[in-house]
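Participant: Here's the letter readout for the chains.
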Amino acid sequence: MTQAPAPPVFSARGVTRVYRTGAVAVWALRGVDLELAERELVVLLGASGSGKSTLVNILGGLDLPSEGRVFFRDRELTRASDRELTLFRRDHVGFVFQFYNLVPSLTARENVALVTEIARNPMRPEEALERVGLSDRMDHFPAELSGGEQQRVAIARAIAKRPDVLLCDEPTGALDSATGVQVLAALHEVNRELGTATVLITHNAAIRKIAHRVIVLADGKVKSDTVNTTRIAPEQVSW
Amino acid sequence: MVGALDRKLVRDLRRIWAQTLAIALVLGCGIMMLVGAQATQQTLRDTQAAWYERHRFADVFTGVSRAPASVVADIAALDGVAQAEGRISFAAMLDLDGMEEPATAQVLSLPERPGLNLPLVQRGRLPAPDNANEVALNEPFAEAHGLFPGARFRAVLNGQLRELEVTGWVLSPEFVYTMAPGALLPDDRRFGLIWMPETSAGAVMDMSGAVNQISLRLSRGADERAVIDAVDRVLDPWGGTGAYGRDRQSSHAFLESELQQLGVMAAFLPPIFLLVAAFLVNMVLGRLIALERAQIGLLKAIGYSAPEIGWHYLKLALAIGVLGWAAGAGFGWWIAEAMIGLYADFFRFPFLIRSQGTGALWVGAALAAATVLLGAGRAVWAALRLPPAEAMQPPAPPGFSRGPADRLLAWMQLRQTTMMIFRSILRWPARAAITLVGVSASVAVLVMSYFIFDSVDALSDTLFSQANRQHMTLTLAESRPEQAVRDAHALPGVTRAEGAFAMPVRLVNGHVARLSALQGHFPGATLTQLVDDSGRVITPPEDGLVIPQTLATALGVGPGDHLRVEMLAPPRRVLDLPVRAVIMQGLGQEVHIAAPGLFSAMESAPQVNTIHLSVRDDQIPELHAAIKATPAIAGLSDWSDLRRQFDATLAENLLAMVSIYTMIGALIAVGVVYNAARIQVAERSYELATLRVMGFSRLQVGYVLVGEMMLLTLIALPLGWVMGYGLAQGLVTTMSTDVIQLPFHISRRTFGYATLVVLVAALGAALLVRRRLDRVDLATALKARE
Ligand SMILES: Nc1ncnc2c1ncn2[C@@H]1O[C@H](COP(=O)(O)OP(=O)(O)OP(=O)(O)O)[C@@H](O)[C@H]1O
Ligand SMILES: [Mg+2]
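The listed protein sequences correspond, in order, to chains A and B.
Every letter in the first sequence is one number past the one before it in the working numbering, and letter 177, counting from 1, is 390.
Every letter in the second sequence is one number past the one before it in the working numbering, and letter 111, counting from 1, is 112.
Worth flagging that the hints you see were computed from the coordinates, not collected in a lab.
Even glycine gets a Cβ: it sits at the ideal position worked out from N, Cα and C.
Among the clues, some could well be false.
[Claimed, not checked] For each label pair, taking beta carbons as the anchor points, the in silico distance ranges come out as: (1) A371/B / V231/A: 56 to 66 angstroms; (2) E280/A / P719/B: 22 to 32 angstroms; (3) W363/B / P220/A: 52 to 62 angstroms.
[As the list claims (entries may be wrong)] With the Cβ distance kept under 8 angstroms, some of the chain A side facing chain B (calculated, not the full set): (4) N270; (5) T299; (6) M351.
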């Protein structure tokens, strides 16, 4: 292959994160090196407490490492001010969480509008919801939606701003298999059609096969980093 | 278009509307009092200023026994005097149709071209200078008797019975508040003012070319004190009775005293309400933000900046502020309107310059904003500081450490539901503290409000049951030997007559001087007694003075110090008397001495100029007739009637005032308990639903909620009593004016009512919230836990 490798979206160098609570220090990350290429879909695996959420939060500018450097394209996040991090998240990152984190007093459409109102080049909330197959539930409040539907609203909200990266922390963690597949399919499609680089944290090893690459964390370090030679469609995953 | 975040705001507000409303009402109450008092005060002040200015109300007033009219020019020529005017003034007894008892009046001569204290004709015209029988009356008196222009009435003027014709009704800046000399309440039926042309007044009193009252206007920047001293020096040879400024002019002093009390009201209560409102905002917003941790984290995660999020929550607080402010301003105006209407019964102005209390509106708006922002501040700050990553995780479960309190609870072997109450208080001590402070503030406000009635009761009791037990008091035209008392006893229906001697005096200590009245008390008097504000009877000493605390402070004297006592009426003696005792005196500024001691110091035979009577009810008409026919009697005050009026005035307003105070005071308790209980229900619905699932009855579950609120209320009660006591004491100190000193006495009834009202209000609010527990769907309550 003569093609030059695509420049990475994220690159992390020696990222360490120590939580200090009183006298005890918890080493959540111990020197992680990582790169994420444009258009790439990476699955992040690891035992509970291995540092997955911590890493993703740092990549998304929600948290800062204790040591090490993190770059988004050519910008160094580890040097950014609080304000710059806010703008970074606003313009470039979409988050999806295990517990959806929808605003209960806003409808599905309004939850998405929450993002489109402040984003630079958003799609219409309706379009985003359509992409996740929720055109007919737009005016429902979260309490009137099932878990899977709520998670798809969260995905719509994350992609509505046309983010450069999508960071998903156990998006299917609270869902049953069939609903989980719908959510994965939505993510998969966003990655393929919009080319959004995606990091997907999961405890479910079965999901690894839909990714371009699988990274396994153990004890705050990268234990393995494998490129999938063959991928399967989300519909073929089951657990 | 409305942004999604603003839509969330509106929905949040709608969801907690009852709580929002409760806070807004507490806040509004504070604003209402502020705006109401200020609008009333400003209206009265503006009106007063315009009325004084347009009708040239004098700055300094004085009396003389009799002085040639030329002395007025001497006074006008003094440094600092812009204009002076003299007149003749005397008392008259009136005989009016349809009124069996005599009325009294003060007659004032009216110069041909008045330059000061200009009367304003409200109806008819002023009397013609050349018509000896024409007079004008003050409007309220004429109104009370239906004496329209053209009507005639009889009056005893300088001992002669005359028939006078009314030409018109007037108002004067000198008599905004009209009270007979020595009276305690205005009585427009029994006391009137008569304006009579100068020439006829001079003829009646045999005083043509002479004056016995002078008033003057100061030139700009003049020193009132210096002018008063100069005037006193000029008038000394003519029997000057001591010049005084507006501060001692009866009508002005009463108006000022009322305005001062309005100011106190505006300063005293609102801060309590604003503070409680701030606490409530803090409590509600703090809990809302704690509840919305995840949403705040999410907003941060998707790129909202901290200021944007902070502003979002501040807007919520501001919405409460705006609501409270608008309600407060509206009710404030309404209250002001009602109060001005009430004042119109006492204070007679020909016009009203209405003020909306714009200043107070702005101050109120600023205070409302400050209140809610102060309340929101800590909670919002906490929201801003929440690191986004952490906000996404549920808050750490509250730490349960087993402290000594727990060991105590375990030892007490309480039921688990009771245990839950105690644990909840221990777990959220800050919230419990806010509830505690709020409820005790409610008790305190009630104690302070009801205390006013205790104080007035005590005042009335001292005044009528101890200090003045006479039915009537006669004022003699001049001092007489003691034989006059026996003559009075011989009047029809009189069962007891006691003489007294009152003399206007100037008290001097070095450079400080004060006008006052000296009361000579005859030994053995039982109808009137000298009583201090705690109801103790005081026997005036023979060899010195008893003086009220306020006067002692003003003069800088205490027991043992000597005072120079200058009599301002014949025989115009100057005495040097020691102060023997200083007392707290509820009403008035008189100084006291035993009559024998006084007359031996004066080296004269005992004299009387006031006679107190006890009379038989069935002979009162005969007595009245006899008094009307006795020229030596210049005035009559009917104390039994005064007491009836006093009680009637009080009773008339009592119910309305008690209900308003009760509502306002209870509102705090309701607002606090309602909010605290709502938060408990929202926060512990899982816990409480679990109890229901386990088979506890509604009553038992409700007990956990209502029990906690009532327990806090019970703890708050004694705190509130103490706070109320302190507030009442502060109120008495700031409310006391030269005119009236409220006695400090709080009855057990006051504490009892305050307690009862707060208990009922708190229980009501808690039960109202308890009903929400019935509506909790057990399945969802348990599922909603994340
Ligand atoms: N705010 C915090 N304070 C202290 N320790 C923390 C904090 N957040 C995470 N940790 C610790 O850091 C380590 C890594 O946490 P992290 O949440 O990244 O794990 P994870 O891989 O996402 O686990 P899971 O699969 O359970 O979500 C854990 O040991 C955790 O206890
Ligand atoms: Mg995690």
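Participant: For every hint, state whether the structure bears it out.
Facilitator: Checked hints:
1. Here the CB-CB span from A371/B to V231/A is close to 42 angstroms, at odds with the stated 56 to 66 angstroms.
2. Between E280/A and P719/B the beta carbons are some 57 angstroms apart, a value that contradicts the proposed interval 22 to 32 angstroms.
3. Here the CB-CB span from W363/B to P220/A is close to 60 angstroms, well matched to the stated 52 to 62 angstroms.
4. Annotation: interface hint on N270/A holds; nearest CB of chain B at approximately 4 angstroms, less than 8 angstroms.
5. Checking T299/A against chain B by beta carbon gives a least distance of about 5 angstroms; that is within 8 angstroms, so the hint holds.
6. Because the beta carbon of M351/A sits about 13 angstroms from the nearest beta carbon in chain B, more than 8 angstroms, this interface hint is broken.
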